Each structure stands twice: as C-alpha cells, then as structure tokens.
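*Asks:* Take the sequence shown: its position 9, counted from the start at 1, is 10 in our numbering, and no numbers get skipped.
No wet-lab data here; the hints were simulated from the structure. The structure displayed is predicted, hence computed values, not measured ones. Note that CB positions come from ideal geometry on N, CA and C, so glycine has one too. Heads up, some of the hints might be wrong.
Quick list of in silico lysine-lysine cross-link-like pairs, DSS-like style, CA-CA up to 25 Å [to be verified]:
id, residue 1, residue 2
1, K162, K130
2, K53, K20
3, K53, K80
4, K80, K130
5, K162, K80
6, K42, K83
7, K53, K33
8, K28, K5
9, K80, K28
10, K28, K123
Simulated DEER-style distance windows between Cβ atoms [to be verified]:
id, residue 1, residue 2, range
11, K116, N165, 17 to 23 Å
12, I146, E13, 17 to 23 Å
13, E90, S65, 29 to 35 Å
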Amino acid sequence: MADKISVLFTEEQVCARIKEMGEQISKDYEGKSLHLVGILKGATFFACELAKRITVPVTLDFMSVSSYGDSTVSSGIVKINKDLDEPIEGLDVLVVEDIVDTGNTLSYLLDNLQKRGSASVKLCTLLNKPERRLKEVDVDYTGFIIPDEFVVGYGLDYAQKYRNLPYIGIVETK
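Given only the sequences and the hints, what does the whole structure look like? Please build it.
*Replies:* Structure follows, in structure tokens:
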C-alpha cells in the first residue's frame, strides 16, 4: 500500500450503526414491503448488511451510477452505467448509497427514480458529507456525518482500491 489510511470508524462502530439503522427502517416500514436499490459498487457491503437487519419483507436491485471515475473529486456529470433489472412502479423504494457528497449524483438519481412511478423513494446513506453539498438532497437515514475528507473502506474506494477494508478510513494519497 502506497497510501496512508487512518481509521475514522472501526468495524464495530459501523456494524452497530447499521444495526440501529435497520431497526429504525423496520419500524418506519412496519406492515409494508421495501425495495432496496443499492448503488454499485460502493454501497454493496452496506446494502447487504443493512438488508440483513431489516425485518420487513425486502426485495433488492442494484444500479451503477457514477460521477467520480478514478478521481477523488466529483466530475459533476452523472452517468448511469447499469440500470435496474425490474420496474419499481408502485413500490416503496429505499436507495442505499455509500456516501452523499456533493449531492449531484443523488439529486439526479432520486428525481429519475421518482419519475418511474414508485409509491415512495427515500434515501439511506452510510456516510453523509454535508460540507461538500452543491445540490440539496433529503437524506432520510444517515449512518455517520463525516468531515470533508476522502474516505475508503466498507465498500468505498480510491481508484477501485480499499473497498474490502472492514472499517471506514481516511486516505492520504502520496
């Protein structure tokens, strides 16, 4: 590893917070079914762990949406690389994201999904970085609010590296 990574949230902290979020989501959707839309690749770890902790019936699909490429800075241009496999018309949708940063990607995505006829669309993110917000988005469920640092681990990457770290860390590139 050529990059220095310092721990921001330990694996234990992340797991405990996801459990709490799953309990809250289960309470909020009691008596309903929930369709999770995980945003690839970063939210894969989080979406799977969260789904295991939700007690209402859950279906799952994934999208790949990007505005970063291999950079640490958002380009501002949103691209759908992989769309949903099934229609979401009439479903209660919970978008599961790894991080909300500038808001550009999520603003576009939430608007796109709402136009598809879902019963509701809400947003759940593991990490929220409000200091960097350029477009406001309503975040319904937040794991952790973080400072304006480039973070990796638990699905988040730097040029496809470090997704497999079991914690959230701040990366300092050389």
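*Asks:* Which numbered hints does this structure break?
*Replies:* Numbers 3, 8, 9, 11 and 13 - these are the hints that the structure violates, sorted from lowest upward.
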